[in-house]
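There are 4 protein chains.
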Amino acid sequence: VDAASSDQLEGRPVWAAVPGFPRGLGFVSHARALADTQSGQIAFLATPARTAAELTPTLLERGLRVIDLSGGHRLPAEQYPDWYGFEHPFPDALDEAVYGLPELLPAGALASARLVANPGCYATAAALAAAPLLKARLVRPGAPLVIDGKSGTTGAGKTLSEPMLFSEAADDVRPYRVGKHQHTPEIERALSRYAHAIVKVAFTPHVVPMRRGLLCSVYAPASDEAKPEDVVAAFDGVYAEAPGVEVRADAPPETKRTLHAPQAEVWGHLDPRTGTLSAFCALDNLVKGAAGQAIQNMNALIGEHLQAGLQPAPRSAT
Amino acid sequence: VDAASSDQLEGRPVWAAVPGFPRGLGFVSHARALADTQSGQIAFLATPARTAAELTPTLLERGLRVIDLSGGHRLPAEQYPDWYGFEHPFPDALDEAVYGLPELLPAGALASARLVANPGCYATAAALAAAPLLKARLVRPGAPLVIDGKSGTTGAGKTLSEPMLFSEAADDVRPYRVGKHQHTPEIERALSRYAHAIVKVAFTPHVVPMRRGLLCSVYAPASDEAKPEDVVAAFDGVYAEAPGVEVRADAPPETKRTLHAPQAEVWGHLDPRTGTLSAFCALDNLVKGAAGQAIQNMNALIGEHLQAGLQPAPRSAT
Amino acid sequence: VDAASSDQLEGRPVWAAVPGFPRGLGFVSHARALADTQSGQIAFLATPARTAAELTPTLLERGLRVIDLSGGHRLPAEQYPDWYGFEHPFPDALDEAVYGLPELLPAGALASARLVANPGCYATAAALAAAPLLKARLVRPGAPLVIDGKSGTTGAGKTLSEPMLFSEAADDVRPYRVGKHQHTPEIERALSRYAHAIVKVAFTPHVVPMRRGLLCSVYAPASDEAKPEDVVAAFDGVYAEAPGVEVRADAPPETKRTLHAPQAEVWGHLDPRTGTLSAFCALDNLVKGAAGQAIQNMNALIGEHLQAGLQPAPRSAT
Amino acid sequence: VDAASSDQLEGRPVWAAVPGFPRGLGFVSHARALADTQSGQIAFLATPARTAAELTPTLLERGLRVIDLSGGHRLPAEQYPDWYGFEHPFPDALDEAVYGLPELLPAGALASARLVANPGCYATAAALAAAPLLKARLVRPGAPLVIDGKSGTTGAGKTLSEPMLFSEAADDVRPYRVGKHQHTPEIERALSRYAHAIVKVAFTPHVVPMRRGLLCSVYAPASDEAKPEDVVAAFDGVYAEAPGVEVRADAPPETKRTLHAPQAEVWGHLDPRTGTLSAFCALDNLVKGAAGQAIQNMNALIGEHLQAGLQPAPRSAT
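As given, the protein sequences belong to chains U, D, A and P, one line each in that order.
Count the first sequence with the numbering used here and you get residues 98 to 415, in order.
Count the second sequence with the numbering used here and you get residues 98 to 415, in order.
Count the third sequence with the numbering used here and you get residues 98 to 415, in order.
Count the fourth sequence with the numbering used here and you get residues 98 to 415, in order.
It is possible that some hints are incorrect.
Claimed, not checked - What follows is a set of in silico ranges between Cβ atoms, one per label pair, in the way DEER data are often shown:
#1 Ile295/P with Arg274/D: 52 to 60 Å
#2 Ala113/U with Arg211/P: 39 to 47 Å
#3 Asp192/P with Arg274/D: 53 to 61 Å
Calculated from the structure, these hints are not laboratory results.
Remember, it's a predicted structure, so these values are computed and weren't measured experimentally.
Quick reminder that beta carbons are idealized off the backbone N, C-alpha and C, glycines included.
Input sequences plus hints: build the corresponding full structure.
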C-alpha cells in the first residue's frame, strides 16, 4: 500500500482506524494522494458515489487503474438522477467501467480493464444466486424475479441513526425501502447481462439482528421445461471453476458459514408442486460483498490468482 | 384455570414451569385431567398433533369445547400422512373444526363452535398479510404466492438440537425445510378459503437470530387492474374492526413493535414498476402466533371481547 | 394521566412516542404543563438532572408531590459539581428528598413524602444485593465493596453514539467509566444508610450485548463470624414482605427471568474457602430499575399496594 | 498435519467437521493414530481431561511431545478428585508438565519441554490481567483476588443443554457455578507462581449473550504503597516483548476488538478513592484462550516466532 487518503482522518495513523493494519502509514488528504499518484498504480475508491465519479477521470488520465467500491460506476448515466440523486459528471467513464463480479465474467475480461465497478453486497448475492437460473433459461421468460434480501447491520456503515442503535436493531427484523432501494437497478442491469434479456426484479431488503452477513433469497416461476436436476446442473456448471463461490450439495447456505470468508455459498431448488424456482446466496457483506471482492478484482487486473492475499475464513471452531 | 395436565411434569407446581403463574395449581396426568373434566369447560391442547387428534373426540363427547394449538385439526384427512407422518385417527372431527383466525372469520362464526383449530404462527402471519390481497382479487389469478418467512428461535420450542444452540444460531440467517415445511398446506388451505379459489404457495421459512418474533413477506404478481390505492383500501377494509391487527399507515411492520403484543402489524404495497404485490405481517410467535390467539378464540367461544384478558404489550420504553 | 409534557415532542400525540399508550393525550410544553398544575397532583420528572433540580421547587410550592427519575435529588449538594458537573440550584430540596427504594425503607416512610428521588438502575440493583449483607453485619467492617455491573444497552437511552450502534455493541462486552461512573456516590450513600456506617464501593459498569436487563455482582470480604447460613437468613429476612424482590432459593438470578417484570431477583453466597461474600441482583433496568419503581413510589405516596397497576412479566413461554 | 483422530468422527473428512480445513485428510481412530505415531511429532490433545491424562504417557514414551488442551495436566494430583472428579492416573506426568502461558514464562522455558499443559480460557485471561499486579507486589499481601468472568457461549462447547439454547441464552446474563468452577484452582496455581506466594481467588464466571469472546475483570485491594503510575508501569514492563498481549494505553479492553485474534488485550487501573486495583483482560476464548495459544506453544517448542502461522484478526471494518 503506497498511500491511504481520507479528508476526515488526515494525519492519523491508518492502524488507529483499521485495527490490525501494520503500523507506519498515515492518512493523507485526497488532494495530496492525488498529487503523489504514479502511472501503473491501482486506486481503490471507497467514497460516496458522487466523489468517486468526480475523482475517476483524473486518476485514469494519470495512468492509474481504478477499482470503485462505491455506486459511482454501476449504472447507465440516465439512471443516476432517479436512484442516486445526482447527474453523473462523466458519463464516458461509465461506458468503460467493467462490472467486477469475477465469477460471472468471461475469463480474462478484466486483464486489460482500466476501471472496475465493484458490485454492491446485495447485487453480488442476488447475481450469484440468480445467474445460473437465467443462464440456463430456467426462469419463465418475462417474469420478474422476487428477491428477498436479509442483511446484518454493517451494511449501513457507521452512520449514526436511531434505527441502527443496538437498542432498536436487536430483536428486530424489518423490511426497508420497499420498492425503492438503490441496488435495484444495479441488480437488474447485472441480471439482464447474464440473461441476454431484460430482467426486472422486485427487490425487498430486510435488516436482521446480526453485525455481518447477508442472504439473498431469489424466487421466480420456472419455465415449463425446467426440471429439478437442471437446477443442480446450472449451479455446478457456472461455478465449477470459481474459487470464490461454493455450491452447497444438499442444503441451502447460511450466513454464519461465510463470516470473514472470501467465498460466497449458493444453492438452488425447484419446487415441482408450485413450479417455483428458489435460489440462495450467503456471503459476508464486508468481504465477498465489498472489500474482499475488490481484492479479487485487483488480482484479476494484475493476473494473479483470484484469491491471492485473501485469508480463508477463521472458521475452525464455530 | 381448573386443571393443568402434563404427563412429563405431573406432580410439579405450574409456576415452576411457567414463571409468573400464580402459586397453587400443580400438573396432573392427562388421564387424571380427563377423568375430572366437566361439561362446559374449555380444553386447550398444546400437545403433539397426533396426541391432540386422539384426545379430542373424548373431550367433545364429555361436553367440553376444545381449542387445539397443535396441528392436529388444521388439514383435511388426506394430507396428514404426507405432511405430519400419521394417518388421522378421527377424520370426522376435522370436518367440525373451525380454523381459528378470528380476524378473518365472519362475525359469530365461533359462537357455537365446539372445536377450534388454532393456527400456526407462520400460517397466521401469512394469512393476515395475504388475505386482503386475495379477498380484493388483486393477485393475478392462478399465480402461486411466494412467502418468505423469518422466525426467531422460539418457533422451534425447547427441543435440544445443535442448530438451535446459541453458538450456532447467533449471527446466522438460514433457510430451512425449503419446499417441504408442514405449514405449507395449512397456509394454502387458509388462503384458498379467503380467495374462494385454489391458492398455491411457495413457502420458505428462515430462522433469524432473535428469540421471539416472526415476519412473513408475501410476494405475488398483481392482476392487471390492481392499483396502489387498491392495496391500501384492501387492508383498511379487512381490518377496520379487528382489534388484533394494526394496519401500518406508511411503513412496513417490524417484529420488535409486536413483541409480547396480542396484535399483529400488517402492510401492503404494489410496485408499479414490476407489477409485484408485496405484503408483510409481523407478530410475536408466542402470543398472536400461538397462546394469545388461543385466548382470543376462547373469548370468541364465550362471547367476550376478543382481547379480553390479554395485556397490551409492555412497549413503553423500547 | 392528566398531562404529558416535552419541549421536544410538543404537539405530538403520546402514543406515537410511546407505543401502547392509549390514543388521545398529546404532549404540551413544560411551561404549559406547569401553568396547568393543580395541588394534589403527582409529577413524574424524567428530564436531565439539572432540569429536574430547577423545576422541583415550583412544583412543590404549587402543592404537587414530585417523583424525580433523574439524578437531580440523589446526592448531597456538595457532590453535584464533581459527579454531575453543576452546582445544585436548590440544596434545601435535597434535604427533603426521600430515596425511593421502597423495599429498603421503613414501612410508611413515603406516606407523607413530598419529594421522592427515584433511584438509578445500577444503584437499585447494587443496593438490593448488598443491603442484606450490610444490615446483618456480614461484611468485614471498613472494607470497600466491589460491584461489577453488567447492563444492556437501553441503560444509555437513545442518544446517538458510535459505541451504541448495533454493529459496535453486538458481540461485545466492555467496561466503561472505570472509577468514575456517576452512580458511584449514589450507591455509596444508599449503602451507608443501610449499614449505619460509611461504605465505599469500587463500582465498575460493563455494557453487554442485550437490549434490556441489568445484573450487579457484589463482592466483599466476610466478617470473621459470618457463616453461609447467615447469608441465607439475611436475604430472607430483609425481603420476606417485599413484593418487588424475589429471593432465589438455590441459584443466582439471571436477567432474562426479570425482563418486563416489576420484580428484581436476588441471591447471596459465602465462599468459605476464601472468606468472600458474593451477592447478585438482576432486574429490568426499564421497569424495576426506572419507570416501574416510580410507579411503586407513587403507590407508596397514595397508600396503594406497592405493585398496583404493574403487570406481572409476560414470561409464560420463554 | 500428519493425522487427525476422533473415535466419534472416524472415517469422515476433516473439512466436513472443520470448515476451511484443506480437503484430503480424514479422521482415524485414536488407536490407529497412536499406532502410526513417530518420534519427534507433536500431539495436540483436545479430549476430555481424563482421556488426555491416560493417553499422554504412551505418547511421551514413543518420543512425541504433547500439548494438552484439556484440563488433564493443569493441577497437582491431589486436586483432581475434588475439581475434576477422578483420580489422576499418571501423577508423574504432572510434575513434568509446563503450564503454557508463554507471555508469563521465562524465555526459553518451553524449548526443551516434552509436555505442555495448555491453559483454559478463563485462566489465561485471569492470569494475563492479574500477573502484572502480583509480580509488581501491588496487591495487599494475603488478600484474595475477586475475579468476575464474562464468557460467550462457545466456552461451553457444543454440548446440548437447555440453558445453551439460543432461546434461553439470548437476552440473558447469568452467573454460574458460583464458588465451584473447576478453573478456580488452575487460576490460583498460576497466580501463586507469578506472585511467589499463595494466592486465593474468588472466581465467579458469568455467561453473556455472544458466541465468542471472554473478559475477566480482576479486583483486589492495593498495597499501601501502590500508586496509579505503578500499575501502568507493571503492565508495560511485563508485556513489553509479548507479541500475544497488547496493553491498551488509556481505556479498558473490549472483547470485540479481540475476536479471531491471537492477541489478548489488557489494562490496569488503581482507584485511589477506595484503594482498589482493577485489571481487565479480553480475548477470543477459541483463539488466545484455546487453539491459538496451543499454536503459540508449538512455536515455542520448535523455536519459531510465537505468532508464526497465526493470522492477525480480520478486523478491518468492524
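Each hint tested on the structure:
{"no.": "1", "hint": "Ile295/P with Arg274/D: 52 to 60 Å", "result": "holds, 58 Å"}
{"no.": "2", "hint": "Ala113/U with Arg211/P: 39 to 47 Å", "result": "holds, 43 Å"}
{"no.": "3", "hint": "Asp192/P with Arg274/D: 53 to 61 Å", "result": "holds, 55 Å"}
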